[in-house]
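Position chain W against the provided structure of chain S, taking the given hints into account.
As given, the protein sequences belong to chains S and W, one line each in that order. Quick note on numbering: the first sequence equals residues 3 to 737 in our numbering. Quick note on numbering: the second sequence equals residues 344 to 441 in our numbering.
Keep in mind that the hints were calculated from the coordinates and are not lab data. Note that the Cβ used here is the ideal one computed from N, Cα and C, for glycine as well. Possibly wrong hints are sitting among the right ones.
On the chain W side, residues computed to face chain S include the following (Cβ under 10 angstroms) [said to hold, decoys possible]:
| # | residue |
| --- | --- |
| 1 | Arg346 |
| 2 | Val348 |
| 3 | Pro350 |
| 4 | Thr354 |
| 5 | Ile355 |
| 6 | Leu366 |
| 7 | Pro374 |
| 8 | Val386 |
| 9 | Ile391 |
| 10 | Ala397 |
| 11 | Gly398 |
| 12 | Arg404 |
| 13 | Leu422 |
| 14 | Ile425 |
A short list of chain W residues far from chain S (calculated; beta carbon distances all over 12 angstroms) [unchecked claim]:
| # | residue |
| --- | --- |
| 15 | Val345 |
| 16 | Glu351 |
| 17 | Glu371 |
| 18 | Pro373 |
| 19 | Asp379 |
| 20 | Ala382 |
| 21 | Gln392 |
| 22 | Leu423 |
The residues making up each chain are set out below.
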Amino acid sequence: MSTPDYSEAIAKALVTFFVEATEMLEQMEQTLLALEDAPRDPELLNSLFRSIHTIKGSAGLFGMAPIVGFTHEVETLLDQLRSGRVTMDGSLGSLLLLCCDHVGTLVKLAREDGVDAELPPKVSSKSDELLSALQIYLPDRTHQEKQTQSPLSQDNASSGASATGVWHISLRFHKNCHERGIDPLATIRYLGSLGTLTLSETIDESVPTLGELDPEKCYLGFELRLATAVSRKDLEGAFEFIEDECDVRLIPPRAAPEEYIELIQSMPQDSSRLGEILLACNAIAEKDLHRALAVHHMESIDSDKPKPLGEVLIESNLVSPAVVDAALRKQTQGREKVEESRVFRVQAEKLDALIDLVGELVIVCAAARNQAEGNPRLQETTQHMGRLVEEIRNNSLSLRMVPIGESFAKFRRVVRDIANSLGKEVRLEIEGGDTELDKLVVEKIGDPLMHLVRNALDHGLETPAEREAAGKPRECRLCLSAQHDSGSIVIRVSEDGRGIDADRVLAKAKAKGLVAADAQPSLDEIHALIFEPGFSTAESVTDISGRGVGMDVVRQNVEKLRGRISIRSARGKGTDMEIRLPLTLAIIDGFLVRCGSAVLAIPLENIEECISGAMVEHAEDSGVISQRGVPLPILDVAKTLGIRSSATTARRSIVIVKSEGFRSGLIVDQLLGEHQTVIKPLGKVFSKIRPISGSTILGTGEVALIIDVNELVRCARGGPRAPPPPLDTPSAMTA
Amino acid sequence: MVRVVLPESLTIESVSAIRHLMLDAMSESPPGLVLDGLAVEDVDGAGIQLLLAAGKEAAQRDLPLVLEASPALQSTIDLLAIGDRFVLAHPIPQESTE
Chain S
3 MSTPDYSEAI
13 AKALVTFFVE
23 ATEMLEQMEQ
33 TLLALEDAPR
43 DPELLNSLFR
53 SIHTIKGSAG
63 LFGMAPIVGF
73 THEVETLLDQ
83 LRSGRVTMDG
93 SLGSLLLLCC
103 DHVGTLVKLA
113 REDGVDAELP
123 PKVSSKSDEL
133 LSALQIYLPD
143 RTHQEKQTQS
153 PLSQDNASSG
163 ASATGVWHIS
173 LRFHKNCHER
183 GIDPLATIRY
193 LGSLGTLTLS
203 ETIDESVPTL
213 GELDPEKCYL
223 GFELRLATAV
233 SRKDLEGAFE
243 FIEDECDVRL
253 IPPRAAPEEY
263 IELIQSMPQD
273 SSRLGEILLA
283 CNAIAEKDLH
293 RALAVHHMES
303 IDSDKPKPLG
313 EVLIESNLVS
323 PAVVDAALRK
333 QTQGREKVEE
343 SRVFRVQAEK
353 LDALIDLVGE
363 LVIVCAAARN
373 QAEGNPRLQE
383 TTQHMGRLVE
393 EIRNNSLSLR
403 MVPIGESFAK
413 FRRVVRDIAN
423 SLGKEVRLEI
433 EGGDTELDKL
443 VVEKIGDPLM
453 HLVRNALDHG
463 LETPAEREAA
473 GKPRECRLCL
483 SAQHDSGSIV
493 IRVSEDGRGI
503 DADRVLAKAK
513 AKGLVAADAQ
523 PSLDEIHALI
533 FEPGFSTAES
543 VTDISGRGVG
553 MDVVRQNVEK
563 LRGRISIRSA
573 RGKGTDMEIR
583 LPLTLAIIDG
593 FLVRCGSAVL
603 AIPLENIEEC
613 ISGAMVEHAE
623 DSGVISQRGV
633 PLPILDVAKT
643 LGIRSSATTA
653 RRSIVIVKSE
663 GFRSGLIVDQ
673 LLGEHQTVIK
683 PLGKVFSKIR
693 PISGSTILGT
703 GEVALIIDVN
713 ELVRCARGGP
723 RAPPPPLDTP
733 SAMTA
Chain W
344 MVRVVLPESL
354 TIESVSAIRH
364 LMLDAMSESP
374 PGLVLDGLAV
384 EDVDGAGIQL
394 LLAAGKEAAQ
404 RDLPLVLEAS
414 PALQSTIDLL
424 AIGDRFVLAH
434 PIPQESTE
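Pulled out of the complex, with its shape left as it was, chain S reads as follows (with noise of 0.2 angstroms):
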């Protein structure tokens, strides 16, 4: 192999590791706040140990020291933990979940500034911060250096090797070498009388579960490192009488890397488990490591199944996969106990590129059938891959969503984090976690909906003093909650907190100009005012939230999604925050009109029918019509959005559309169909025309904009948003 296929080769495995360490800190986030229900949960404790201990051997594997150093001293309060030697209570849960929150930023920072970077100062001396305050816990060093023999333990691998020398002993037992009389253990005890073994590693991958165990064979295996000063013969006597029995390898001190690359390579099987332990106690560079990892992963490749890192890393675990996979069994209850093994990762932007390709697709699919007019053989045809490529397009989409859950979860330390800073007594409900929305909008919803939690901890919820006193419960409940609504998805941060204060909110819009002095309105209208770009009711601005940059950014991000917030709150029983978001970014189901010069996309969810004739005339004069008896307010597309209207106007009709629970009617010049619409964004030029959400290219190659009715029928409703400028007139986008 050259040396690009082994840089290469470490690139990916790196990238791998850095998605993997992220999911297992989040994962250890998660069970350190479930021990605080059940500190004492072996499976838990088990957990959290095996996870830190993986991202530990994975970073020893990147060399990534900063990571290691630290990961080793929590790993070694965590072996104590599990083992019962240190009970677990709320500080050191909170000390925890800031180790977590560190080895966090260690691992980001090895992404963002490469393995090898320095440490900023800030950094490493929180590093150094935590790791003392994790002393207090830790009973006392020397027994526990004695007990915890851990594995990777780098402290003992130097300390007298320089006077006597260490040697490195691989010993393989052969199965019957019990009925030979022969003991492992004897031979180990035995050679631990020549010497300090400073690290011994029994490889039991082999061993088999109990019932397929035939007790009287052996399986075991074992890696040694003894210091001792006797000399090469006086070592080999030792493996004299085993020899028939056991395979046994001898590295004197000292010796070139290639001999332990050697050693790896013989031993496919425990390959990188035997790099974690040689990398450990220093017998090996790291980058002769790589160099011999990255042969084995690439010739795990290339030969057999492919090795996924994470399987590599299992195996590098210390623990044997069946015990894995048991507790990983255990702690994923529920749905996700179906799709194990049955999920794999693909990367995002191998999506996002099918889903454009998806789109092209759809474009060119509809040009197909505006040149099969006429053919009507042709037509059958394209008419039959237009629904199957609508087929792919609707499966396409469904695999960017996503559950909505994971994002929830992340609240739970939030919430615990800032309850307890606050001390507010806090419970968080979290519902519909498993409903599904595009990974774009989940990613992007993230900051708003964390601001609005924040808000809710800190304006929202009261102190149990205070709600003691108005006759609640001590506890808070917060609700995340999330559901499908037609088309689109509606979450919900709900709290039973002390509502909005009107009078409060309207004071203070009133003495900032954002309400005329004498207006009169409707609490509707003031709960809305929370969003306006400057509003905060904060007496005091916390580091919590607060500010005053909070609720209109919330807004904003909200609507560049397409979305809608809205709120609800009743004064002493809590507040209401809804966000409606669309399912995807990328496709929607459009209708196709014509205006003027212009061809238009309205999505099809908005529309409820639409309507020519007479009427229309009728309305373009008066800006009403009544429908059914309903008077029906009337918007003429073309004007409100200055296009220029064409001589040919034949006959024009009339869209009725739905938003925001309030019916209207559009003007158009012509009705033009159905449609399925790529969304192509538009440029940050036109970002500001807010009644169009952005374009689309139509079979014909004509570009087509895709009218955003909310908020075209809010602008023209006098909303609080000023009306657009012109379309065509280009000095005023720039407004």
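For chain W alone, coordinates are given in the frame of chain S:
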């Protein structure tokens, strides 16, 4: 929790019999299994291997397994650095009440 008491000598001579005891205990699908090794004085490679196999079996069956180790057993476990394979229970030292 079902308890399997390990004999004083956990060696090649006894492993076969203990393996059957353990399997019997596990086959009744108890909520958990305690391997009581508090009396173990003498342990060899075959004995350790049996414990490792029991650990794997329990994990496969999703059965919580706790090993109570005597000092002799614990020192062997430490020597081989296999403490992380088990949930080790340490008997609470008897507070002398006399």
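How the hints compare with the structure:
Because the smallest distance between the Cβ of W/Arg346 and any Cβ of chain S comes to about 16 angstroms, over 10 angstroms, the interface hint for this residue is violated. Because the smallest distance between the Cβ of W/Val348 and any Cβ of chain S comes to about 17 angstroms, over 10 angstroms, the interface hint for this residue is violated. Hint on W/Pro350 is violated. Least Cβ distance to chain S is approximately 14 angstroms, over the 10 angstroms limit. A least Cβ separation of about 8 angstroms between W/Thr354 and chain S falls short of the 10 angstroms threshold, and the interface hint therefore holds.
For W/Ile355, the interface hint holds, since its Cβ comes within 10 angstroms of a Cβ in chain S; the closest pair sits about 5 angstroms apart. Contact between W/Leu366 and chain S, as hinted, is supported at the beta carbon level, the nearest pair being about 6 angstroms apart and thus within 10 angstroms. Nearest Cβ of chain S to the Cβ of W/Pro374: about 13 angstroms, over the 10 angstroms cut. The hint is violated. Hint on W/Val386 holds. Least Cβ distance to chain S is approximately 7 angstroms, under the 10 angstroms limit.
Using the Cβ-Cβ criterion of 10 angstroms, the hint placing W/Ile391 at the interface with chain S is satisfied: the shortest such distance is roughly 7 angstroms. Using the Cβ-Cβ criterion of 10 angstroms, the hint placing W/Ala397 at the interface with chain S is satisfied: the shortest such distance is roughly 5 angstroms. A distance limit of 10 angstroms between C-beta atoms decides the matter here; for W/Gly398 the minimum to chain S is near 7 angstroms, and the interface restraint holds. Checking W/Arg404 against chain S by beta carbon gives a least distance of about 8 angstroms; that is within 10 angstroms, so the hint holds.
For W/Leu422, the interface hint holds, the least distance from its beta-carbon to any beta-carbon of chain S being 6 angstroms, beneath 10 angstroms. For W/Ile425, the interface hint holds, the least distance from its beta-carbon to any beta-carbon of chain S being 5 angstroms, beneath 10 angstroms. With a minimum CB-CB distance of about 14 angstroms to chain S, W/Val345 clears the 12 angstroms threshold, and the non-interface call stands. Non-interface status of W/Glu351 relative to chain S is upheld: no Cβ of that chain comes within 12 angstroms, the nearest being about 16 angstroms off.
Every Cβ of chain S is farther than 12 angstroms from the Cβ of W/Glu371; the closest lies at roughly 14 angstroms, confirming the non-interface assignment. The claim that W/Pro373 lies off the interface holds: its Cβ sits roughly 14 angstroms from the closest Cβ of chain S, which is beyond the 12 angstroms cut-off. Every CB of chain S is more than 12 angstroms from the CB of W/Asp379 (nearest about 16 angstroms), matching its label as outside the interface. Against the 12 angstroms criterion, W/Ala382 stays outside the reach of chain S, whose nearest CB is about 19 angstroms from its own CB.
Non-interface status of W/Gln392 relative to chain S is broken: a Cβ of that chain comes within 12 angstroms, the nearest being about 6 angstroms off. With a least CB separation of 5 angstroms from chain S, W/Leu423 falls inside the 12 angstroms interface cut-off, contrary to its annotation.
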